[in-house]
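Residue numbers (the numbering used here), protein chains in the order written: chain A, 3 to 340; chain P, 79 to 359.
Source of the hints: derived by calculation from the structure; they are not laboratory data. No residue lacks a Cβ here, since even glycine has one placed at the ideal position from N, Cα and C. Watch out, some of these pointers could steer you wrong.
Unchecked claim - Residues of chain A placed beyond 12 Å of chain P at every Cβ, according to the derived structure:
hint, residue
1, 68
2, 93
3, 99
4, 127
5, 171
6, 184
7, 210
Unchecked claim - With a cut-off of at most 27 Å between alpha-carbon atoms, the simulated DSS-like pairs for lysine-lysine come out as follows:
hint, chain 1, residue 1, chain 2, residue 2
8, A, 240, A, 330
9, A, 317, P, 165
10, A, 175, P, 165
11, A, 169, P, 165
12, A, 137, P, 165
13, A, 260, A, 235
What the hints assert, rightly or not - Pulled a few chain A residues facing chain P out of the computed Cβ check, cut under 8 Å:
hint, residue
14, 87
15, 172
16, 181
17, 185
18, 205
19, 208
20, 317
21, 318
22, 321
23, 325
Spelled out, the chains give:
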Amino acid sequence: MFTISRRLLGVLALSGAAALATPASAADKINIGILSLVSHSPSIIAQARGYFADQDLDVEFVSFQAAQPMAVAIASGDVDFGMTAISGGLISLADKGVVKIIGGALQETPEIDGQKILASKAAFDDGVKTPADLKGRSFGITTTGSSFHYMAHKIADKEGFDRSEIKVKPLQKVPAVIASLKSGQIDAWSIVPNIAGALTSGPEVVEIGRISDYIDNYQVTTVFTSTANVTDKPDLVKRFLAGVSNGIADYNAALVDKTMSEEETAEIVAMIHKYVYSDQPIEKADPRIRAGAMRINENAALSVASVEDQLEWFKSENLVPEGVTMEKLVDTSFVETR
Amino acid sequence: MSHEATTRPGETAAAAGSGEELRPVPFRGGGFKHRPLGPVAPIVFLAILALWELGARSGFISPIALPAPSEALAALGDLIATGMLWKHLGASLYRLIVGWTLGSLLGIAFGLLIGLFSLARAGLLPLVSALFPIPKIALLPLFIIWFGIGEGSKVATILFGTFFPTVIATYGGVDNVDRNLIRMGQSFGLSWLSIVRKIIVPGAMPAILSGFRISASIAIVLLVAAEMIGAEFGIGAYILMAGALFALDQLIAGVAILSVLGLIIAWLIGKAEKRLLAWRS
Chain A
3 MFTISRRLLG VLALSGAAAL ATPASAADKI NIGILSLVSH SPSIIAQARG
53 YFADQDLDVE FVSFQAAQPM AVAIASGDVD FGMTAISGGL ISLADKGVVK
103 IIGGALQETP EIDGQKILAS KAAFDDGVKT PADLKGRSFG ITTTGSSFHY
153 MAHKIADKEG FDRSEIKVKP LQKVPAVIAS LKSGQIDAWS IVPNIAGALT
203 SGPEVVEIGR ISDYIDNYQV TTVFTSTANV TDKPDLVKRF LAGVSNGIAD
253 YNAALVDKTM SEEETAEIVA MIHKYVYSDQ PIEKADPRIR AGAMRINENA
303 ALSVASVEDQ LEWFKSENLV PEGVTMEKLV DTSFVETR
Chain P
79 MSHEATTRPG ETAAAAGSGE ELRPVPFRGG GFKHRPLGPV APIVFLAILA
129 LWELGARSGF ISPIALPAPS EALAALGDLI ATGMLWKHLG ASLYRLIVGW
179 TLGSLLGIAF GLLIGLFSLA RAGLLPLVSA LFPIPKIALL PLFIIWFGIG
229 EGSKVATILF GTFFPTVIAT YGGVDNVDRN LIRMGQSFGL SWLSIVRKII
279 VPGAMPAILS GFRISASIAI VLLVAAEMIG AEFGIGAYIL MAGALFALDQ
329 LIAGVAILSV LGLIIAWLIG KAEKRLLAWR S
């Protein structure tokens, strides 16, 4: 785990005389689950710029390889807050009354480059020029009930062919999907722009469409926490959201709207680089972090309609228990909804 | 283990009293023998299941930690009712049988080569030692490129997983064949092929069969890994799906099917042992 952040906080606390006035023990300790993805950087920025400290929160980051174990860790209380796509696992845990969505994060917006639909070169040459040609083709997904599965079916719905005619292939992990797509084992896939960009720059993969044409206002990721936090510590949840909202504002200004000065942007990128692409030197990581950042909703606003659409899809595919309701899944009292 | 000696104290005392010419020695062999205790295994199973069910019903075991066995049973019932069980089982059994059979046959062939020929041992044994510890799951992305996302990569994962333990069991078995028997064969003028066929292979058979027990279990373990890659049907794919959806009842049902599969295979190998090792008794 990252004890560095705590040490950093300690250094900050020692350097300021004010720190003596407010003892460190007053701060509430929270664990935030992150994946090594640029979309998780608002928490990283909020921590590095002291927005969480302003809210009297002592933050520790816990790294995960995938969204699913993070959801389970939040259910078990080992992690307090996380940000990930709505998966079957998350809804199933919400049905058991242990986790709740409290806000929105990554969202598809028409003016910003969103998720891309990709085809392998072999499939492209074989006639897959637009998403409408995906009828009867294979489509890579990580797991059943993942966001990729949802996107594949939404493409089928909009293009007017049966969902079963797009053959989803569960491959568990993103690297496995990439390997399959590059070698032409699967015909198509959809993915966030920075990964899509890296793939289409090679000869093996071609872009054939955009997800935003198929799903309206797609709320790709959401902020969630344990039901215990929502009911017992609503104040803690509010303070976390206040802190992370400042981080979101900086993230959007630096990477999406690019209204921040170059100097400050570089500073933000350096903060993100501590957790994302940290195995690469900053010169290499810098363009990858900046490329294709998607908008994260200001103040963690949540598109309820999109969440509802996703829930309906899960139910229609029998991937989640029938009794799950929006009330069980979402608590809308913390953020603005739209 | 039961090792009660089969002494009869009354008899010994009587024999000792009657003088020197009649001193029957009590039979001190035996013992260290396993008695078949049929009902014990099911009782242990049922007791654990009953405790588990009781814990889940009383709320001592939270539904997030572990679902009740009755819920897992219901999930299993759904599988049977929808007919999906046979689809999953069929797909998995095909991969298991093909992968394990090919892996075992190749393993025995290489094991015999290593056991019989110095050149093969010098050349192949370090290779086996170097390749055995590589986690086959780590190679999955490569397997996709090499064998495709169809049946090829799944069978290959199981094949590679079962090959190495079989090689080691086989050459270990060959090494452990009683040297005196081989020498006896040589003094009787048996041909090399005869010695291999009549002494070495039967002598190595117990080790090969216990290697089968291990490699069959490894094959079942690897089934889940093998079905990570683009599998629509299969017990492993079912378990992975249940895990991704956090459907714990289905997860336990899938794991239970693997367990039963393991039991059946162990029983089959037991039968094979009785038949192939009949010469020992």
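Checking against the hints above, which ones are violated?
1, 2, 3, 5, 6, 13, 14, 18, 19, 20, 21 and 23
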